[in-house]
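Could you build all of it, start to finish, from the sequences and the hints given here?
Sequence order for the protein chains is A and B. Mapping to my numbering: the first sequence position 75 is 75, numbers consecutive. Mapping to my numbering: the second sequence position 455 is 455, numbers consecutive.
Keep in mind that a hint or two might mislead.
Said to hold, decoys possible - Simulated crosslink set (PhoX-like; lysine-lysine; CA at most 25 Å straight-line): (1) B:Lys48 / B:Lys535; (2) B:Lys535 / A:Lys62; (3) B:Lys48 / B:Lys167; (4) B:Lys206 / B:Lys11; (5) A:Lys62 / B:Lys11; (6) A:Lys15 / B:Lys251; (7) B:Lys9 / B:Lys36; (8) B:Lys251 / B:Lys11; (9) A:Lys52 / B:Lys277; (10) B:Lys47 / B:Lys719; (11) B:Lys165 / B:Lys719; (12) B:Lys238 / B:Lys206.
Calculated directly from the structure, the hints in this document are not laboratory data.
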Amino acid sequence: MTLADLKPGERAIVKGWANSFPPVRLMEFGILPGTVVEIVRFAPFGDPIDIKVRGFHLSIRKEDAAQIMLIEEYPT
Amino acid sequence: MAKTDVHSKLKRVALIGNPNVGKTTVFNVLTGMRQKVGNYPGVTVEKKTGRMDGEVPIEIIDLPGSYSLSPKSLDERIAYDVLSGHLANEPRPDLVVCIVDASNMERNLYLVTQVLDLGIPVIVALNMMDAAEEAGLSIDLSLLSEKLGVPVLPLTASRNEGIGKLKYQIRRTDLSPAPERMWTLMSAVEVEIPALMQVLADEAPKVPERQRFIEVLQCLTSDTMLDYWTRWAPKFQKEVQLVRDRLLANKVPYQQAEVIGRYGWLSPLVAQVVTRKKNIGDASVSDRIDAVLTHRIFGPLFFAMILLLIFQAVFSWATPLMDIIESSVIGLGGAIRTTFPAGMATDLLVDGVVSGVGNVVVFLPQILLLFFFLGLMEDTGYMARSAFIMDRIMSRVGLGGGSVVPLLSSFACAIPGIMAARTLANPKDRLITIMVAPLMSCSARLPVYTLFIAAFLPTGKVLGLITFQGLAMFSMYLLGTVMAFVASLVLKRIVFKGESSFFAMELPPYRMPRFKQIFWRMIDRSKAFVIRAGKIIFGMSIILWGLARFPITDPSPEIAALRISADQVFEQKVDSLSTLGVAYAAASEQIGIEMASKYRHIDAAEAGFQIEHSFIGKIGHTLEPVMRPLGFDWKLSAGIVSAFAAREVIISALATLYSVGDVGDDSPLLREKLKADTYPNGDPVYTPLVAVSLLVFFVLALQCMSTLAIAKRETNSWKWPAVMWLYMTGLAYLFSLVIYQGGMALGWG
Chain A
1 MTLADLKPGE
11 RAIVKGWANS
21 FPPVRLMEFG
31 ILPGTVVEIV
41 RFAPFGDPID
51 IKVRGFHLSI
61 RKEDAAQIML
71 IEEYPT
Chain B
1 MAKTDVHSKL
11 KRVALIGNPN
21 VGKTTVFNVL
31 TGMRQKVGNY
41 PGVTVEKKTG
51 RMDGEVPIEI
61 IDLPGSYSLS
71 PKSLDERIAY
81 DVLSGHLANE
91 PRPDLVVCIV
101 DASNMERNLY
111 LVTQVLDLGI
121 PVIVALNMMD
131 AAEEAGLSID
141 LSLLSEKLGV
151 PVLPLTASRN
161 EGIGKLKYQI
171 RRTDLSPAPE
181 RMWTLMSAVE
191 VEIPALMQVL
201 ADEAPKVPER
211 QRFIEVLQCL
221 TSDTMLDYWT
231 RWAPKFQKEV
241 QLVRDRLLAN
251 KVPYQQAEVI
261 GRYGWLSPLV
271 AQVVTRKKNI
281 GDASVSDRID
291 AVLTHRIFGP
301 LFFAMILLLI
311 FQAVFSWATP
321 LMDIIESSVI
331 GLGGAIRTTF
341 PAGMATDLLV
351 DGVVSGVGNV
361 VVFLPQILLL
371 FFFLGLMEDT
381 GYMARSAFIM
391 DRIMSRVGLG
401 GGSVVPLLSS
411 FACAIPGIMA
421 ARTLANPKDR
431 LITIMVAPLM
441 SCSARLPVYT
451 LFIAAFLPTG
461 KVLGLITFQG
471 LAMFSMYLLG
481 TVMAFVASLV
491 LKRIVFKGES
501 SFFAMELPPY
511 RMPRFKQIFW
521 RMIDRSKAFV
531 IRAGKIIFGM
541 SIILWGLARF
551 PITDPSPEIA
561 ALRISADQVF
571 EQKVDSLSTL
581 GVAYAAASEQ
591 IGIEMASKYR
601 HIDAAEAGFQ
611 IEHSFIGKIG
621 HTLEPVMRPL
631 GFDWKLSAGI
641 VSAFAAREVI
651 ISALATLYSV
661 GDVGDDSPLL
671 REKLKADTYP
681 NGDPVYTPLV
691 AVSLLVFFVL
701 ALQCMSTLAI
711 AKRETNSWKW
721 PAVMWLYMTG
731 LAYLFSLVIY
741 QGGMALGWG
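See the structure below:
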């Protein structure tokens, strides 16, 4: 499962990256193995996504979200 | 480095922090109005410095907002270059103040840990403490200070709280360098570091000992930093490359080592220091605003309304001000003409200098208004939302959501539009936006559209609803917009092929606008336009004036004869009035009024003759063979060349060439003259087909030196403006050629 598969309001823990050269910028924003990520909402035209990570809102495109592998659904 | 001037003795303090942490507010509070805004040499990154007063004044440097010192953008590159002393004539600062958003500690402290590794004294200022408290966070400041090994201060800069203590800490002279690194890299990478540090020390002994570690780390993670050393320490550069290759062969993710290492140390630290009193799930005010403003239906609607408002402001609210400026310029010219004797010097002053200054100042109302709205959008946090909403649509044409506002502003004028592209973080998106912005039909094209559509296109209605002329006008705007999208797709596919366009944008919390800050930012940016682009626009105005004014040609015998006979009639009439007992002065005034239109006609004929034989006229004649296939005669060609000063100038140029004097775009006189003009064989010069060809030419051609000047300023080279001019003029020529030749072949000529 990847971050792109979550629905708004759902949370999960990052497992790692599908790509062996993940964008360093996303990691610098704190998206690392073990980090909790939450999808807040989709943009009005479906892309990008508003995600919440380490207490702040970040907007990324679905194609990049699909590179972020998740461990499991977060217990709510 | 033995500079003895006063500046080198000042203590230099750099402010750094993530974007949207209130760094500029801190800078403003520390320095008051004693600020200087300039540019770093060779790049368009703003360099802001200011003076903090006191017994010993201190220089404060406001570095561009950065998420990381490992550079991803030009802004971040500059921040690292300043802190590391890589810039010529810019020694390392003596102290770094890290501004941290107290409500967002982890991501903010990431940058702090990088700054600590430079080995310079550091102060951490936790800003927006009020917001952190509202969010239910409590922060153990002394524990944080102890863990980081540097002073930590609470701050709410917007309410001036904590500034006194910050100033005191900045003035301290006994601050020691930040402590040695307290975190480690993954071991496979860590073992490589000491040897690389040694190579660097041998080859570049100038790099301070404590800075070697972060230099090595930067080279491992960032290609631009690795390239930097190719020149200064080639052996070191090669050695790092070897290590990279070896790590890659062993499947060690060395590029991630730094981030994983830093967060590995940071996350438990923050967990210890910060306690959450409220549940994370509570939606903040900002979240609730977002639920409305990025709503599926209401979000785009609201954005459309905002755009409409900006468009309205730049398009029509600015008009009265621009009219005032234009009439003041004309009034000033008139005043100079009546004060100084007629002659070359006066002409240069009025038509060259005064109108040259006018050409610069006339853009100010639009620029000020646009920058006010942009500042408002940035300051409230709505700018990021507009990009969030529009990104999907704009990514289809190779751009990002951030390009919407600059491109739409260009409908008013490409100058503020191109300047607005500064808000784009991605340099490639910014460059493409700058390159295509001039294709959006600006307000200077409007008078040209009006004149030629009204004069040459049919007046009927389409389907009994929309007037044909209105439809033609709309088509002009549509053509420009479609071509802008096509051009951006092509630029993306061909010029920037293979470069990944990665999108990650923070959506900062909404906040109340700080009008003082918005106001000063608006002034700073407008000043940059007047000073940098203004010089070029002014110079070009004078050159174009010279081209129309020289070589000086005596009027043709026919025109000279007209003036002589008019003078004779004038003398006779005055004499006959004088014999009736009217004083000479009163008589000549009365006859002067009587014969004014006659003299205007002669003046216009002389001006027409002069411009025909001027360099512009000669250029028009020279260009005619090239422009004929588009349906343009030498007068139109000359008009197009003069229009380089500003598109609407073609109308006054044609008016001069057709000897009708100064007129506006709705002058029936000029329209009739254009319609009546024929080639020697009796064919009309202007047909509807010629008009369409000319209209399309004006939609696509880059007929505006001011746009080139601002593109030069914003891209910092003549390369991109040259490419811009070539591709747009090429497009214009091609389209007009196809339209005119195609039309002729179909018998529409």
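Just pull the numbers of the violated hints for me, sorted ascending. Result: hints 2, 5, 8 and 11 break, sorted rising.
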